[in-house]
Amino acid sequence: MRDFRNPRYKVLRDREECIECDLCVRQCANEVHYRDKKTGALRADSMKCVNCQRCTLLCPTRALAITRWPQVDAGSAVWTEGAMDDITAQAQTGGVLLASMGNPKSYHIYWEHLLLNASQVTNPSIDPLREPMETRVVLGSRPSKLRVNERTRTVVSPLPPQLSCDVPVMFSAMSFGSVSLNTQKALALAARELGTYFNCGEGGLHRDLEPYADRAIVQVASGRFGVDPHYLNAGAAIEIKIGQGAKPGIGGHLPGEKINEEVSRTRMIPEGTDAISPAPHHDIYSIEDLRQLIFSLKEATGYAKPVAVKVAAVHNVAAIASGMARAGADIIVLDGFRGGTGAAPKRIRDNVGIPIELALAAVDERLRQEGIRSTVSLVASGTLRNAADVVRAVALGADAVSIGSAALIAMGCHQCGDCASGRCNWGIATQRADLVSRLAPEAAAERVVNLVSGWNREIQEMMGGMGINAIDSLRGNRLMLRGVGLNEKELEILGVKYAGE
Amino acid sequence: MYDFDRPRTARPDAAGTGVVAGSARLAPCDRHPRAPREGDVRIPAGCAIAAIMDRSGARHDGSDILRSIALMHDRSNGLGGGFAAYGIYPEYEELYAFHIMYESDEARRETEAYLDTYFMSEKQERIPTEPVASIKNPPDIWRYFAAPHPMRLAASGLDEAEYTMAHVFHINGKIDGAFVASSGKNMGAFKGVGYPEDIGAFYRICDYDAWAWTAHGRFPTNTPGWWGGAHPFTLLNWSVVHNGEISSYDANRRYVEQFGYDCELQTDTEVITYLFDLLSRRHGLSPELAAHIMTAPAWDEIDAMDAADAAFETALRTTYASALVNGPFSVILGSSEGLLAINDRLKLRALMAAEKGSMVYMASEQAAIELVCPDAENMRAIGGGEPFVVQLDSVVAAKAAADADAENDPHNAPLAHEVGVLPRRKEA
Amino acid sequence: MAETIIVELGTKHFQEANAAVRAALAEADTVCIVEAYAQRYLGCTLPAGKRLEIHGTPGNDLACYMDGGEVEVFGSAQDQTANTMNAGTVVVHGRVGDAAGYAMRGGELIVRDGCGWRGGINMKQYGGKCPVIVIGGDAGNFLGEYMAGGIIVLMGRAGDHLASGMHGGVIYLRRNNTPAVVPDGLDLRELTDEDTATLGALLARYDACFGTEPHEHASVSEFVALRPASSRPYAAMYAS
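Residue numbers (the numbering used here), protein chains in the order written: chain A, 1 to 501; chain B, 502 to 929; chain C, 930 to 1169.
Next comes chain A alone, as it looks inside the complex:
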C-alpha cells in the first residue's frame, strides 16, 4: 500500500564538508545513507531516518545534520502532522500503533514546578567538599520498633535483609531482549563501581552477568522468563513487576525476531518464538494473592532477599501501595507514566497512568497516614532527568530513585524512540551482533558512572545548601520544596507550600 506519510526528518549533507568516506552508510542500520547503484553518488533516504543522530555525531567532518521535514501541515492545531500520521499508519496496516521510550506528550512536569530550599542565617549551609555528606540509602522493610539489648549492644531480632546503595540512584529494569547484553553489562559494571544496583528485567539473568549478581535485582514478571531457584537466589533482591509506567495494565510481546540464541537461553524459551508476558500475573488476581507470591519468593530464597514490588503509577496508587506494604513488599517501586519502554502500544504509553510526582507524594502521605511508611522502602522512577529531580523525589518521600532513560542517554541513546525496530544504531535496543558490538560495556559504564557521580555531587551540594548532611533527613522533608505555577489541589496532593509561604 502506498505510504501517504511524509518523512519526519530530512537529512542535510554539506557537500563541501563531506569527504565521501561512507562512514554514514556503514553506521546506519536503517539504510538511510546509500550509494546510488547507477551513479555511485552518496545519497540519503530521509523516509527511513529516525533521527538517532548516530551519523551526525560520528561524521568525521561534521558534514551531516538532521532537520525536521520542511513540509508544513494544514495549520490546524487539531489535525497536526503527528495526529494525521497516526491515522495514516493505521489506515495502511490496521495495526495497533507501537511506540518506544517514554510518553513524549507535553503533560505537566511537576518537577519543574517544585523549587528547592537553601539555608540563610537561621541555620548554616554545609560545604560537602569539606564536611561529611551522606547519600547512602538502605532499602528494605524494617520493624517500626527495634528490639535491642542495650547493655550487650545487640539487636534481639535481626533486621530483615536490606540493600545498601552508596548513591540514591539505581538502574531501572531493562530486560535482555529489549536491550542488548552489552547494555546490561554496562549497567552491571556501573552499578558495581557506584555501589548501587542494576535490574535485569523480566528476561532472565544472562550467565555473563552472574559475576555481577550481587549488584543485580532479578525481576519476576507475569511471563516468569528465566525464573528458577538458581535465578531467584542469584541476585541481591527480587522485584515482582506488576506493571511499568509506560504501559500500565498490559503485558508484553517481545517479537520472535529478537529471540536469538542468547536471549532464548536466558529467558528459557525457544528461539524465534514471541515472548509473551501476560497482562496480569495469573497467580495474582487480588491483593492477598500478591502476598502469596511475595512469600513464595521469600520461601524460595530462605528469607534472605528483599522482595520489591513494582507498579505503574495509576489512579488509585496510594491505596494500592498501602496494600502492597501490608502484603509484605519490602520495597515499593512506583513507575510514573513518563517512564520509558522498549516497546508499548502508543495509545497506552501516551494516555494511561499518572505522573510520578503526584503518585509518589500521594503514596508517601498515605503510608504515613497508615503509620507504615517507616516499615517499607519507596523507590520512584519514570523520568528522573537530573540531580534536582532526585532531590525533589527524595523530599517528596522516596528513599531512592531508579533511572532508565537517563542511563541509556549517558550511553549514547538519543531518544529517537525506534527501539521496537531492533535497529538501534547505538547498540542499545538491539540484538543484531554488528550493532551490539558498537556499545563497548566498559566505555558505556564509564559514561554512566560519570553521570551518576556527577549527580551525586550535585545532590550533596543541594543537601548541603539545605543544611542537611544525611539523605535520611531529606526523605519526606517537604518543607524543602515550594511550589510555583501550581493550583491548590496540586499543592495539596504534593503536600508542599506555595513559594513565598
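No lab work stands behind these hints: they were computed from the structure. Worth double-checking, as some hints may not be accurate.
To be verified - For each label pair, taking beta carbons as the anchor points, the in silico distance ranges come out as:
#1 A:V96 / B:F670: 52 to 58 Å
#2 C:M1166 / A:E31: 20 to 26 Å
#3 C:V963 / B:L659: 16 to 22 Å
#4 C:V963 / A:E370: 37 to 43 Å
#5 C:E1123 / A:D3: 44 to 50 Å
#6 A:Y498 / B:G858: 55 to 61 Å
In this text the structure is predicted, and so the values were computed from the model without any measurement. For every residue, glycine included, the Cβ atom is placed at its ideal position computed from N, Cα and C.
Given the coordinates of chain A, work out where chains B and C should sit on it, guided by the hints.
Okay, now just chains B and C, sitting in the frame of chain A:
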C-alpha cells in the same frame, strides 16, 4: 512544705487587674492582619540554654539558674523564655501536674470541664505570678494535680502515660485558647513571652525547689504571638530546651506523626521532644540511645566498626533513619531520671558542661556556669553526636541492679555515671 | 539418613510448616506430611532426590519453583499447583485448583481428576525441558492460555476459550471433546506417530500413578492434537 495557698494572696486578683481573665486571644499588636502565631507558621529561632542538677536529689531554688540564663541575655531577644523544674511538687508526686495557659475564661471553663471528665483533680489553682513591667498581657495560668479517671483509663485500653498524652493533645489541638505548658509528675514548666530573667521573676521561680532546672532564652525570628510557643517544650515528664534550627524538621515531623503525635507548634523543640518520647517511653530505649539514634554515627564510621557493632549500628540507623536530626542543635532533655545533653553531629552549636561535687552545670556559654559556680570542675565542651548524661544517683543504682537480659528496657542502658558519654569509648 | 520422617502440620502457619518440612528433608530423603491444611509452598524449590508425600490438603503454590523433587498428594491440591516449576514430579490423587502449572517449564503434573480454570497457563518449554500436565478429569476454561510449550493431556472435557493465545506446545484432547469451531491461530490434527508414542507413554504413566488399568480411562486412538498455527501469533498486530 510548699504553701499552696500563698499564690492566691501573692497574686493580683484577676478580676481586679484584668491582667489575665477575660482577655481575648493575645495579639502582639493590633496590626491587620495579625502576625501569624506559633503553630500557624514555622518560626526559626536561636537561643541560650542552661541547666543545673544535683545528682544526689537535693533540691535548690531557682536563683542560680536565673542568674545563669540571664548572663546570656544577648542570645535571646525578649520573645521567649522559660524554665523546667524537677522535684518541685513532692506532695503530689503521684499526680500529673498540669500547667495550663488560658487566653480566655471560656477556654478555661471548657478545659476544666474536659479535665473533670477524664481526670480526677486533687487540687487546682492559679500559678502564683508577680507583675513584671516588661511582661505584657500574660495569659491566665493554672495548675492542676490530677490522676486519670480510673474507669475511663481502663476503658481506653491505654496505659496511663498514653492516656494522659492523648488528652494533652486534645486540649492543645482542639480547645481554642488553652495550652498545656507541662504535664509531668513532680515537675513543671514556667514559660512565656519575654526575656528569661523576666519570665523567671514573673513566675517567682526562686520560690520553688528542684533537683534539676533547665532554662531557655529564645531568639525567634518572628514574634511567636503567644505564650504556648515559648520553651521549654514538655510532654509528660520530658522537657526539652533547644538551641538551633534543625534542617530535618519536616522529615522528623512526618515521622513522628505516623505514631500519633500532633506537631501543632511546628517547632524543632516540639518534634525533638516527641522523638525522645517515641524512642524512649514508647519503644523502651534509654534516652541516651534515643539521643544516639538522633545523632547517628556516619556510615563511614559504621563501616570501620567490627562486625557486631556495625550490625547494631546499621540496624539502629536503618530502622530509625527518619529519627536522625540534622542541622545545628544543642538540646538539654530533662526527665525524671536526670538530664541529657546532645549536640548535632557536626557540632554546629556550643554547649558546655561542668561539675562540682554532686552538682552538674550546663550552658551555651562557659561563663554562665562560672558565674554560679566559680570553682566548677571538669569544664568541658559537649562533643558533636555524643550524648552527655547526668542521672540521679538513685537511677544509676537502679540500672546497676537491672536484669541484663531484658530487651528494650531503659534500665538496661549502659551504666551512665555522673557524667557519661555514649557511645562509650572502647577500653584500650 | 532416616528413610522417612513424618511431619504433622495441622493448622500450623506456612512459615513454621515449611521450616519443619525443610528441617525434616535435611534428615531424610522422603518426608511424609500428615494433616496438611492449606499450608502454602510445600515442596517449594524441592531438589532432585527429595520426596514429599502429603496427606490432607496442601495449600496454594504447591511445588512452586520445584527443581527436580517429587511430590505426591493423597488428596486434592489447591490453586497454583506447580507454579513456575522447573523440574520434578507432582502427582495428585484428587483434583487441582486454578492456574495449575502456571509458567511451568519442566517436570510433570499428573492429576487423577479435574483441574480448575487456566490450567497450564503460559506453560513453556526450553531446551531439554518439556513440561507435562496430565488431567484425568475435566478442565475449566482457558486451559493452555498463552501456552508457549510443553504438553497437556486432557481426558475429560475442556471449558471455553481453550488454548487462547497458544503459541507453542501441544494439547492432546479426546476427539469428542474438541471445540466445535477451532479458533483462528490453532490447528487441530490427527496424531502423528510421534504423538502416538508420546501420548501412549503419558497415559501409561497416568495408569502407573493411580493404579488404573491400561486404557481404563482413555485410549490413544481417541485423541487428537491441538497445536498453534504459528509461534508468532501477534506478529502482524502492530504498526509503527
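Open item on the list: Output the indices of the hints that this structure fails to meet, ascending.
Closed with: 3
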